[in-house]
Amino acid sequence: MSILTEFPSIDTETLRSLKKSIDAGFKNFSRNYGDNIESFFEPVRFLLIESEQFLINTPWPIIMAIIAIIAWAGSKNIKIVISVVMILLLIGYFDMWENTMKTISITFVAALLAIVFGIPIGILMAKSNFFQRVMNPVLDVMQTMPSFVYLIPVVMLLGIGKIPGLIAVVIYSIPPMIRLTNLGIRLVNQAVIEAADSYGASNTQKLIYIQIPLALPTIMAGINQTIMLALSMVVIASMIGVTGLGQPVLTAIQNQYFTLGIFNGFAIVGIAIVFDRVSQAYGKRIQESHGTINDK
Amino acid sequence: MISKPYIKLKNVSKVFGQNPDTVIDLVQNNIDKTELQNDYNHIIGLQNINIDIPKNKIQVFMGLSGSGKSTLIRHLNQLIRPTSGEIVVNNVNVTELNKKDLINFRRENFAMVFQKFALLPHRTVLSNTYFGLQIRGVKSPELENTAKYWIDKVGLDGFENYHPNQLSGGMQQRVGIARALANDAPILLMDEPFSALDPLIRIEMQDMLITLQKELKKTIIFITHDLDEALKLGDNIAILRDGKIIQSGTGQDIILNPYDSYISNFTAQVNRGKVIECEKVMKKLSKDAFSKVTIAKEAKLEEAVRVMISNNINEVDVVNSKKKYIGTVYLDDVMASIINPIAEP
Chain L
0 MSILTEFPSI
10 DTETLRSLKK
20 SIDAGFKNFS
30 RNYGDNIESF
40 FEPVRFLLIE
50 SEQFLINTPW
60 PIIMAIIAII
70 AWAGSKNIKI
80 VISVVMILLL
90 IGYFDMWENT
100 MKTISITFVA
110 ALLAIVFGIP
120 IGILMAKSNF
130 FQRVMNPVLD
140 VMQTMPSFVY
150 LIPVVMLLGI
160 GKIPGLIAVV
170 IYSIPPMIRL
180 TNLGIRLVNQ
190 AVIEAADSYG
200 ASNTQKLIYI
210 QIPLALPTIM
220 AGINQTIMLA
230 LSMVVIASMI
240 GVTGLGQPVL
250 TAIQNQYFTL
260 GIFNGFAIVG
270 IAIVFDRVSQ
280 AYGKRIQESH
290 GTINDK
Chain A
0 MISKPYIKLK
10 NVSKVFGQNP
20 DTVIDLVQNN
30 IDKTELQNDY
40 NHIIGLQNIN
50 IDIPKNKIQV
60 FMGLSGSGKS
70 TLIRHLNQLI
80 RPTSGEIVVN
90 NVNVTELNKK
100 DLINFRRENF
110 AMVFQKFALL
120 PHRTVLSNTY
130 FGLQIRGVKS
140 PELENTAKYW
150 IDKVGLDGFE
160 NYHPNQLSGG
170 MQQRVGIARA
180 LANDAPILLM
190 DEPFSALDPL
200 IRIEMQDMLI
210 TLQKELKKTI
220 IFITHDLDEA
230 LKLGDNIAIL
240 RDGKIIQSGT
250 GQDIILNPYD
260 SYISNFTAQV
270 NRGKVIECEK
280 VMKKLSKDAF
290 SKVTIAKEAK
300 LEEAVRVMIS
310 NNINEVDVVN
320 SKKKYIGTVY
330 LDDVMASIIN
340 PIAEP
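Protein chains in written order, with numbering that gives the first Met the number 0: chain L, 0 to 295; chain A, 0 to 344.
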């Protein structure tokens with residue numbers, strides 16, 4: 000009765016040849032198409048390098064002023080602007096300015112890509128139940144698959160560097176963008192949609208005039224989540240060559256430099272707080288103007 | 000003078016459920032609603048509706064919740080498609096329109112007002128009002144000017160930049176009406192527009208609608224569960240029950256000749272003096288000279304009583320539109336007609 004004590008599995012030989020053939024197949028694929036795929040990502044690399052160069056080469060007071068202005072435009076809250084400036088001053092004072100700029104740059108580009116791809120995918124999901132059924136398991140895999148696992152094929156295809164790191168960050172951080180866009184559009188009051196229908200609104204008009212504006216607070220929550228996840232991915236992405244605050248943390252783990260680790264860790268926390276407070280305050284302001292909050 | 004109906008419903012039935020086509024024959028053959036529900040697990044929304052709706056009048060559909068009145072109004076602009084039957088609006092069979100034509104048809108022919116207002120919460124009063132025009136591709140500044148005109152017309156001058164959540168229910172529905180009127184569509188669909196409002200505001204809104212209609216002369220389809228409202232507004236009233244029209248006619252017809260006890264139970268509560276016209280209770284006398292005090296034959300009994308009391312008389316002569324004598328109403332008869340008949344046990 001060994002079938003009860005030992006799970007009946009395929010024999011080792013078959014399993015090994017299966018793994019071998021898949022690996023060989025993928026290796027062939029990456030050898031043949033790796034260059035094409037790399038050139039496909041050329042515009043992204045350009046954007047990434049340009050934004051990094053801009054953030055690093057511009058004098059720090061100007062960058063700080065720009066960030067403070069964005070914080071003010073988003074939140075209209077002087078307290079948030081002051082804390083943002085304080086956090087940046089502390090980061091600079093502890094000599095982490097350049098790494099922080101690199102991290103902000105990759106987070107910015109990753110969030111941008113997640114928005115550009117995530118919102119249309121989310122809209123399609125909201126429009127089609129079939130597409131939603133297809134996408135949901137895909138998103139589940141993206142969110143739960145350990146990130147190291149999908150780093151392997153990405154590195155095999157594109158080698159080590161910024162682009163594979165960026166792709167890993169985008170894969171990890173795009174699901175909430177997609178899910179919350181879908182949810183936001185699906186949650187739009189059906190009575191309002193019916194009103195639009197009764198006036199002869201086309202699907203595009205409904206999307207532009209009603210669904211997207213009303214889903215915007217939820218979409219903003221998705222952007223916020225995406226940025227948070229992108230930041231948390233920075234350390235893991237540093238293992239495949241993404242520079243920034245993740246790299247010192249990695250060095251600190253390898254060499255047991257406690258202080259180095261904690262300083263850079265707090266810097267990541269610091270910019271996370273900056274992104275979070277500004278985007279949340281912005282989301283709340285949209286919600287207020289939408290009348291979803293009734294305390295006026 | 001019988002004018003060609005502007006909107007015509009021919010044998011319209013709507014069945015809700017898994018597979019409506021399988022039971023539509025039964026529905027057309029007048030199967031009972033509960034029987035269909037218990038034995039076939041389908042629900043009747045509308046059953047063999049036939050009605051002609053004239054142009055430029057207020058047609059009221061009255062019924063309790065579940066009678067199918069909201070389903071019916073949504074058939075006119077095809078927010079709900081019928082399971083069978085034909086709906087002709089302005090000589091177009093709307094059930095045959097494809098998606099694109101239907102969108103255009105809605106833009107040109109319909110405006111709708113909803114029970115729960117259904118305003119766009121992220122837009123101001125002004126941009127809510129021009130929503131229908133924007134959908135039709137009207138450009139600024141005509142957009143804003145038209146919207147502003149109608150905002151003033153419904154008495155919301157000065158509230159252009161408010162958001163709906165900053166307004167009271169009555170004001171929100173004024174925006175709903177302004178949005179509908181700004182569209183300048185010939186047909187106005189009103190789905191229990193005043194049901195969610197306080198009684199006093201409701202009466203105010205009814206009066207506003209009557210005033211506007213005198214000027215606009217639109218074809219209005221008005222849904223309500225309130226017979227008083229139906230009698231006040233409706234040129235014609237159709238009473239719905241379980242998806243069927245059980246009586247259709249003018250308010251006076253329905254009050255004087257209720258089709259069955261279901262309807263007479265409703266009409267028993269009504270202030271008849273506001274509905275019945277003098278012509279119905281007058282006596283024709285062969286009089287040569289008639290008194291100085293006269294009243295139009297369309298005047299309601301309440302008005303006749305008012306005239307008699309203020310002139311300290313107990314009879315008044317009725318004249319037609321050419322001021323010609325046609326009869327006399329007596330206070331006794333008026334009183335007898337105003338009193339509600341004792342409801343059947």
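Because the hints were derived from the structure by calculation, they are not lab data. Idealized CB from N, CA, C, for every residue including glycine. Hints may be right or wrong, so weigh each one.
Within a straight-line C-alpha distance of at most 27 Å, the following computed DSS-like cross-link-like pairs (lysine-lysine) qualify [what the hints assert, rightly or not]:
id: 1; chain 1: A; residue 1: LYS54; chain 2: L; residue 2: LYS126
id: 2; chain 1: L; residue 1: LYS205; chain 2: A; residue 2: LYS299
id: 3; chain 1: A; residue 1: LYS291; chain 2: A; residue 2: LYS54
One-sided and incomplete, this derived list gives chain A residues near chain L with beta-carbon spacing under 10 Å [said to hold, decoys possible]:
id: 4; residue: ASN103
id: 5; residue: LEU119
id: 6; residue: ARG178
For each hint, the structure was consulted:
1. Distance check on the hinted pair: LYS54/A and LYS126/L sit about 38 Å apart at the alpha-carbon level, beyond 27 Å; violated.
2. A hinted pair counts as satisfied when its Cα atoms are at most 27 Å apart, and LYS205/L with LYS299/A does not qualify at roughly 47 Å.
3. This hinted pair does not check out: LYS291/A and LYS54/A have alpha carbons roughly 37 Å apart, beyond 27 Å.
4. Taken as an interface hint, ASN103/A checks out: its beta carbon lies about 7 Å from the nearest beta carbon of chain L, inside 10 Å.
5. Among the interface hints, the one on LEU119/A holds; its C-beta lies about 6 Å from the nearest C-beta in chain L, closer than the 10 Å criterion.
6. For ARG178/A, the interface hint holds, the least distance from its beta-carbon to any beta-carbon of chain L being 8 Å, beneath 10 Å.
In summary, the numbered hints that this structure violates are 1, 2 and 3.
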